[in-house]
Amino acid sequence: MISFDKNQLFIVTGASSGLGEATAIMLNSFGATVIAIARNANRLQIMKKKCRYPDNMHLEIKDLADDINDLPAYIKKLKEKYGKFSGLAYCAGITDVTPLKGLQLETIQKVLNIDYLAPIFLTKGVCDKRNNIGNKTSIVVVSSLSGIIPSKGMLSYCGAKAAIINSMKVIAKEYSALGIRINTVSPSDIATPMTQTGDVKSFVESRIMNYPFGIGEPNDVANMITFLLSDKAKFISGQNYVIDSGGVL
Amino acid sequence: MNKKDFLVDLEDILQREEPCNASDVLDDYEEWDSLSKMALMAFFDKSFGIKLSLKDFKDLKTVEDIIKLAGEKIQ
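Line order of the protein sequences matches chains G and V. Residues 18 to 266 (the numbering used here) make up the first sequence, in order. Residues 2 to 76 (the numbering used here) make up the second sequence, in order.
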């Protein structure tokens, strides 16, 4: 059975909705202290109300795309406020449907900022040995099945998600000597606000038949993230886990 | 850049808990590994326009020796 101690501090980004919310609530329910980061203060407060141990859920309002180069310093400030971190669950994400013929640099940059650059610079902060507990630190970044199986119209998202899988493997190699474990998860479409609005919704509906069990739930992914962050996964690093009910087989 | 600022930057590059001093012996730093050297190469390139290679690190004994690599860029 997975359990955490309240002295174990985990940062969860994108914590106000979808996978981040599910992960923050799950880690907290298993006893960990969570630093929940998101842009929207109201939605973070709503998330906190659903928590089992609200005293161990700390909220931080932040737009990760604001100053990506400054994210390692931001982690340092959080360390000074809360203590050394046991890990990070990077669950913030944005998607975009724009085919090549409609592509603007600004569009792809926005996706790269949140889906590729911000997780790397946050990881840089957490991997700094002054900010983590050392051996047993674990980092999980949410990629996507789109990082493995490309879809028409999603070149920004598919590119960023493919890139983060491989870059995190590089970081896993660089930090294995310090005992830091780094993995990514690649879910297929999950029922979250990101996939249930606008153009993306109809896009997702058009490919549901690819997944034997239909659309996934946030907890299907949060379970895997929680496992990878826990000591039960102490022999696992540098991997990417597809969570798609067997669709890509 | 003055020497004092460089020592603070070096502490950050090496991710050391303790401050760096010019007289410190590099082999006494557990952080002094090949990845730290590559990070320092990137720093020299960006900050001073000096391109170092791993060979340049071979004979370094102390932090002062790193400072010498920057020539007049570190006063």
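Treat the hints with caution; some may be incorrect.
List of simulated lysine to aspartate or glutamate pairs, EDC-like, C-alpha gap at most 20 Å [claimed, not checked]: (1) 153(G) / 12(V); (2) 93(G) / 77(G); (3) 47(V) / 77(G); (4) 146(G) / 18(V); (5) 47(V) / 19(V); (6) 153(G) / 18(V); (7) 141(G) / 10(V); (8) 141(G) / 234(G); (9) 67(G) / 216(G); (10) 101(G) / 65(V); (11) 94(G) / 31(V); (12) 52(V) / 10(V); (13) 141(G) / 18(V); (14) 65(G) / 22(G); (15) 101(G) / 12(V); (16) 153(G) / 65(V); (17) 4(V) / 46(V); (18) 93(G) / 65(V); (19) 52(V) / 65(V).
In case anyone wonders, no lab produced these hints; they're calculated from the structure.
Here is what the structure says about each hint:
1. A hinted pair counts as satisfied when its Cα atoms are at most 20 Å apart, and residue 153(G) with residue 12(V) does not qualify at roughly 24 Å.
2. A C-alpha spacing of about 14 Å is found between residue 93(G) and residue 77(G), which places the hinted pair at or below 20 Å, so the restraint holds.
3. Between residue 47(V) and residue 77(G), the direct Cα distance comes to roughly 32 Å. Violation of the 20 Å bound is thereby established for this hinted pair.
4. For the hint pairing residue 146(G) with residue 18(V), the CA-to-CA distance comes to about 8 Å; that is within 20 Å, so the pair holds.
5. About 24 Å separates the Cα atoms of residue 47(V) and residue 19(V), which puts this hinted pair outside 20 Å; it is violated.
6. With a CA separation close to 19 Å, the supplied pair residue 153(G) and residue 18(V) stays within the 20 Å bound.
7. Restraint check for residue 141(G) and residue 10(V): the C-alpha separation of about 16 Å stays at or below 20 Å, so the hint holds.
8. For the given pair, residue 141(G) sits about 30 Å from residue 234(G) by alpha-carbon distance, which is inconsistent with the 20 Å threshold.
9. Restraint check: the Cα-Cα separation between residue 67(G) and residue 216(G) comes to about 30 Å, which exceeds 20 Å; the hinted pair is violated.
10. A distance of roughly 31 Å separates the Cα atoms of residue 101(G) and residue 65(V); the hinted pair therefore is violated under the 20 Å criterion.
11. With a C-alpha separation of about 25 Å, the suggested pair residue 94(G) and residue 31(V) falls outside the 20 Å cut-off, and the hint is violated.
12. Between residue 52(V) and residue 10(V) the CA atoms are separated by roughly 18 Å; this keeps the pair inside 20 Å, and the hint holds.
13. Pair hint residue 141(G) plus residue 18(V) holds up; C-alpha atoms about 16 Å apart against a cutoff of 20 Å.
14. Between residue 65(G) and residue 22(G) the alpha-carbon distance is near 19 Å, which keeps this suggested pair within the 20 Å criterion.
15. At roughly 18 Å between alpha-carbon atoms, residue 101(G) and residue 12(V) fall within 20 Å of each other, so this suggested pair holds.
16. Distance restraint check for residue 153(G) and residue 65(V): the Cα-Cα separation of roughly 35 Å exceeds the 20 Å cut-off, and the hinted pair is therefore not satisfied.
17. Under the criterion of a C-alpha separation no larger than 20 Å, the hint pairing residue 4(V) with residue 46(V) is consistent with the structure, at around 17 Å.
18. With a C-alpha separation of about 28 Å, the suggested pair residue 93(G) and residue 65(V) falls outside the 20 Å cut-off, and the hint is violated.
19. For the proposed pair residue 52(V) and residue 65(V), the alpha carbon gap of about 18 Å is at most 20 Å, so the pair holds.
Of the numbered hints listed earlier, those contradicted by the structure are 1, 3, 5, 8, 9, 10, 11, 16, 18.
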